[in-house]
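Spelled out from the first residue to the last, the chains are:
Number of protein chains: 2
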Amino acid sequence: MKAIQLRNPDDARSLELVDTDTPQLREGEVLVKVHAAGVNRADLLQARGHYPPPPGASEIIGLECAGVIVDPGTTGRREGEEVACLLSGGAYAEFVAVPEGQLMPIPEGYSMTEAAAVVEVACTVWSNLGMLAGLRAGQTVLIHGGAGGIGTFAIQLCKQLGATVAVTAGSAEKLETCRELGADILVNYREEDFAEVLKGRCDVILDIIGAKYLRQNLRALNEDGQLIIIGLQGGVKTEINLGALLPRRLSIRGTTLRARSTEGKAEVVASTIENVWPLLADSRVTHHIHATFPLAEAAAAHELLDSGEVTGKLVLEA
Amino acid sequence: MKAIQLRNPDDARSLELVDTDTPQLREGEVLVKVHAAGVNRADLLQARGHYPPPPGASEIIGLECAGVIVDPGTTGRREGEEVACLLSGGAYAEFVAVPEGQLMPIPEGYSMTEAAAVVEVACTVWSNLGMLAGLRAGQTVLIHGGAGGIGTFAIQLCKQLGATVAVTAGSAEKLETCRELGADILVNYREEDFAEVLKGRCDVILDIIGAKYLRQNLRALNEDGQLIIIGLQGGVKTEINLGALLPRRLSIRGTTLRARSTEGKAEVVASTIENVWPLLADSRVTHHIHATFPLAEAAAAHELLDSGEVTGKLVLEA
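Residue numbers (the UniProt record's numbering), protein chains in the order written: chain A, 1 to 318; chain B, 1 to 318.
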């Protein structure tokens, strides 16, 4: 089959479509012909060698796709069934092997491309804000990078949960996108200190920055507040003042979807289908696609995402 | 009334029994004549000026007591009722004003002195391991300072919840006490690195050390593990590697009971009476009193607790 690989392992830009082996199915997996694959920031890290696949996962980049089952293996699935897939890797390819628990229906009214744009963000946002943090109506949530793939989805989902939504972004244009999606409090991080604006007001923070924002995030939290870190774009190591946690009973939690076990991913997928898919079917939450690229132009998609000029998601099409 | 105060504010050892005003009742409070008051490590910090009472709380030291209601105020309580009390302060005195939601029954078969020895530890351990962490049967919990007031209680409660219990302590004698109370895994922190012994095995850690143990605590946690920090005897500031949190989905949570609102304390007290008091009534969990002192000798009790040679609790008696 054809798949994207690095021609030169030391050059993250050398992504090329090459011939490679079609994946072998393991027990409980189906083979999916990929029609569309979402691009994630983690893909950029993997191309740079900073985010190796977990043991047993495909070496090929790509954490989500939509396509058609061409071999149901030992599962009871039907050949020809259209599915969206949460993956540990392998989406930037003609075919991918998927554990049955990571298959999702194509959301009602969605194209393959649209489906590939929501799998990873829906599972990430729901597993963290719904399943882990238990975000409730009346609470205030802060979403960093509100105009990104995660952010554009999280704003809408949090509004559906009845929360007040604060966001950070780096331009007036991006903040306007956040406002249109429902965000209530807009902070341009280039002009204002979000901790000063939101001091003591946030019940939950969804953070993709890490070390650089830790002190400010803790300041922004309310009593019983939870800081949930899902990305480390601002570094991993910093000083922490644990004394800041105790009086307000703060929590710092870190998660990644990719490192979860097959069982853990199946649990997230099932809960996301139950709680989020109905919101997609009637457009209470919508996908937000910035641009699409042919699979062969994965390098160009990576370059665009890396520029910071993307609002929402990029999708590769077969 | 008589109460313990610092004769010299700069000398934590200058605790003396002096004459002061009897507390005025506020709405919803009862006046309790104190028969026994538990001694906590927080009391030592307060005597040193490091742990000021929260706004509105008594300036007098002491976070728990048992005694008799002498004025029910506007509550429906009965004069003469024997009660145990969770306090924001004021226990080292002849009388203390107590919000009704912080009154507990004297556990069945307990003396006043025994009751005063369990209020703070029971509420602290239950609110953190039961209410916050949701410790379940089959999980592994690590309790630092296993032979202390919190530790001796936590070991027993965790065994009742069906957990495997690991403890740290600083001597073979203290570890033997922990073993007798039910601890399964014993680590002498002077001889072994607990993180090496417990690497990746702990679902929950109850920590009283803070900064000094942060890195080791994170190493000791299992996937989805929770580090709950309730004391900072090993300092507040340290470096953190946030990258350690994400792949195993770790949480760091800090809490103090004293900083909770009156409503928050009432919630903890009600849940502790419901879940822990029955275990005291039939001795499945027992108090552990190291020594008692007359109230006038509070300074000697503080000196003993500070020595690190105490196993279980110290109680002051009227």
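Fair warning: there could be bad hints in the mix.
Note that identical chains are pooled: a pair holds if it fits in a single copy or bridges any two copies.
[Unchecked claim] Pairs of lysine-lysine residues, derived as DSS-like cross-links and limited to a Cα-Cα distance of at most 30 Å, are as follows: (1) 199 x 237; (2) 212 x 199; (3) 33 x 2; (4) 212 x 33; (5) 159 x 2; (6) 33 x 199; (7) 237 x 212; (8) 212 x 159.
None of these hints come from the bench; they were simulated from the model.
Note that the coordinates shown come from a computational prediction; the quantities given were computed from them, not determined experimentally.
Hint check results:
1. 199 x 237: This pair counts as both: shortest intra-copy Cα distance 23 Å, inter-copy 21 Å.
2. 212 x 199: So residue 212 and residue 199 pass the 30 Å test inside a copy (17 Å) and across (28 Å) alike.
3. 33 x 2: within (11 Å within a copy, 82 Å between copies)
4. 212 x 33: neither (41 Å within a copy, 52 Å between copies)
5. 159 x 2: neither (41 Å within a copy, 56 Å between copies)
6. 33 x 199: neither (49 Å within a copy, 41 Å between copies)
7. 237 x 212: Cα proximity of residue 237 and residue 212: in one copy and across copies (9 Å, 16 Å).
8. 212 x 159: Classified as within; 27 Å inside a copy, 41 Å across copies.
Hint violations for this structure: numbers 4, 5 and 6, all remaining hints satisfied.
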